[in-house]
Amino acid sequence: MAEKKYECLNPTGTQDPVDLLPLAPRLKSLDGKTIHMSICGEPDITIPLEKRLKGDYPNVNWTVKKTYGIAPRELTPEEMKTTDGVILGVCW
Amino acid sequence: MPYLTDLEASGIPTVLIDLSEETNKVKHDARLYGVPAMRFVEASRTMDGVQDVDRILGQVVDALVRPLSDEEKKSGVWEPKEPRILFEGTLEEAEEFYQQTENIPGILNAPFARYTDGLPIVIPTEERVERMLKGTSHKPDEVIRLQRDIDMRGIGEVNPGFKRKKGEIVRFMPMGRSATVEQVAVNAVMAGCKPEYFPLVLAIAESGGGTGDGRGNGGAYVVSGPIYREIGMNVSYGRFSPGNPPNKTIGRVGSLMWRNLGGYKERVSTIMTYGDPITNGGFIFAEYAEGLPPGWKGLNEELGFRKDESVLMTVRPMGWGLGQEHMPGVYRSLQKSGHGAIARFLGVKGKPGPHNYIDYITDGIWRTYEGGITMVLVPSMAMDMYAYGFKSKEAIYEYIWKKSFEPLGTYRMRGRPDWFTNGWTSIEKTSGKRWRELPDDYMVPAGGESPWEDCIIVCDGEETASERFSGGHGAAYSIDVWR
Numbered sequence: 033m034a035e036k037k038y039e040c041l042n043p044t045g046t047q048d049p050v051d052l053l054p055l056a057p058r059l060k061s062l063d064g065k066t067i068h069m070s071i072c073g074e075p076d077i078t079i080p081l082e083k084r085l086k087g088d089y090p091n092v093n094w095t096v097k098k099t100y101g102i103a104p105r106e107l108t109p110e111e112m113k114t115t116d117g118v119i120l121g122v123c124w
Numbered sequence: 259m260p261y262l263t264d265l266e267a268s269g270i271p272t273v274l275i276d277l278s279e280e281t282n283k284v285k286h287d288a289r290l291y292g293v294p295a296m297r298f299v300e301a302s303r304t305m306d307g308v309q310d311v312d313r314i315l316g317q318v319v320d321a322l323v324r325p326l327s328d329e330e331k332k333s334g335v336w337e338p339k340e341p342r343i344l345f346e347g348t349l350e351e352a353e354e355f356y357q358q359t360e361n362i363p364g365i366l367n368a369p370f371a372r373y374t375d376g377l378p379i380v381i382p383t384e385e386r387v388e389r390m391l392k393g394t395s396h397k398p399d400e401v402i403r404l405q406r407d408i409d410m411r412g413i414g415e416v417n418p419g420f421k422r423k424k425g426e427i428v429r430f431m432p433m434g435r436s437a438t439v440e441q442v443a444v445n446a447v448m449a450g451c452k453p454e455y456f457p458l459v460l461a462i463a464e465s466g467g468g469t470g471d472g473r474g475n476g477g478a479y480v481v482s483g484p485i486y487r488e489i490g491m492n493v494s495y496g497r498f499s500p501g502n503p504p505n506k507t508i509g510r511v512g513s514l515m516w517r518n519l520g521g522y523k524e525r526v527s528t529i530m531t532y533g534d535p536i537t538n539g540g541f542i543f544a545e546y547a548e549g550l551p552p553g554w555k556g557l558n559e560e561l562g563f564r565k566d567e568s569v570l571m572t573v574r575p576m577g578w579g580l581g582q583e584h585m586p587g588v589y590r591s592l593q594k595s596g597h598g599a600i601a602r603f604l605g606v607k608g609k610p611g612p613h614n615y616i617d618y619i620t621d622g623i624w625r626t627y628e629g630g631i632t633m634v635l636v637p638s639m640a641m642d643m644y645a646y647g648f649k650s651k652e653a654i655y656e657y658i659w660k661k662s663f664e665p666l667g668t669y670r671m672r673g674r675p676d677w678f679t680n681g682w683t684s685i686e687k688t689s690g691k692r693w694r695e696l697p698d699d700y701m702v703p704a705g706g707e708s709p710w711e712d713c714i715i716v717c718d719g720e721e722t723a724s725e726r727f728s729g730g731h732g733a734a735y736s737i738d739v740w741r
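These protein sequences, in sequence, are chains A and B.
Going by the numbering used here, the letters in the first sequence line up with residues 33 to 124, in that order.
Going by the numbering used here, the letters in the second sequence line up with residues 259 to 741, in that order.
Only chain A is shown next, with the shape it has when bound in the complex:
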């Protein structure tokens, strides 16, 4: 006699569909732009990074927000209006 076959259910959760977006257009150059540094964690990297960027790119208007946490301190809607690019690290 053939062994009984069973229908077995799926333990996996339900993934909602995700709209996939293109990247925002890139900048032609950083000169004259407002670039925001969103720093979270790893000061051994982010402190020299901030120094180098400000030193090597003096024509950029640099803005910075820092946290020791793993969630970045976000730009306000007003700040987003005047920000041309964001560098975020090291957590996200």
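What the hints contain is simulated information worked out from the structure, not anything from laboratory work.
Where hints are given, some of them may not hold.
Dumping the calculated SDA-like pairs for lysine to any residue here, alpha-carbon to alpha-carbon at most 20 Å [stated by the list, open to error]: (1) A:60 with B:330; (2) A:97 with B:261; (3) A:37 with B:349; (4) B:285 with A:104; (5) B:691 with B:665.
Based on the hints, put chain B in the right spot on chain A.
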């Protein structure tokens, strides 16, 4: 990552700096949050920071100015579909199917289970899942949602507490998936649970199924209220040992929810560091409220429920065995006749109890640890503390918390506060001032932000041993609403 998505969607180009072994997780999250082509630069965990910045600086700038490729301009929809019936075949074939593994490069190609916690499971046949569903009045297709408002405890400014609202869909992390009652039942069957355990399992699901923020380890749970008796949870000798089906199988179900409902896959969807040896394999136990001293509240009442309500509390027992060790007999000698090591420590040699065991057990616990302590006491030890003068649990919590105070100059030497004080820039709660403005001799609590971070649970037994771990009071979920 949702923040980076918002920025890109708003037309602001971004670049993420990650650490090189996190790249799989970055790619994974980028797709999950809708920007699969997210640009990132890999920093090093080991290289000197100045040299590392020299190495990556050009890449960071390039990511902001390099024109987009055709691939990076694409939009679309990611819509993974999972069939309800996953497998059809004999039980033996099903065992082989459910226990399949894949080799993950990020963990040196060690095998990682696709559908289990690594242990054999009970095959979730349609009939078995149907039987499990008889353990609740909730419909199989009901999506798991919060059944009441929940206050989530946080730590410091960088990880503050927050409120969650009744009706909110529960998201199982790290994938942020939802689940139906039936999907939870499938995992309960796989864990070996019985239908009468199912309301408790559903409360675990409501709590997030032990998935946390994606690094939940399957969670850890304490049960309060009459359900422990109804389903036969062992609250007595051997409560942390093998042999009791509800403790073992319900404890295990969180790991399966994390793997299956949440989609945990190490070094792919999650970066877990090394896991948690305390909760690996399951962590659940129940309170024996019948053993409480007069006037001491059960955990359910402490958490705002009635004493006849069954409640699940989530805990984080990341530190086990906190406090001084002792042989159980040494405790009896202390209280019976004032002899033995604890009596010598307390300076009560020759004087019968009651004596303050709390002074002994908490000595030195904050030397390398910050936060509260959870203690499991047997009824006679709880009664001793009552007789000593602690007429409520709250009185002990307050006492322990106050013992934890130390000068700020000492507190600054600790590792974690750098993080949760946000580099000492946030407000210290007892003073209302910024940490940096306080003098070194200002006294601050190493035992957490409030006495609520301590917790006492009474379990059955006469052997005078206590279990102690970190965690304190966690979020509370009704089990009864899932009956």
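Compare the structure with the hints numbered earlier in the document and write down the numbers of the violated ones, lowest to highest. Those not satisfied: there are none.
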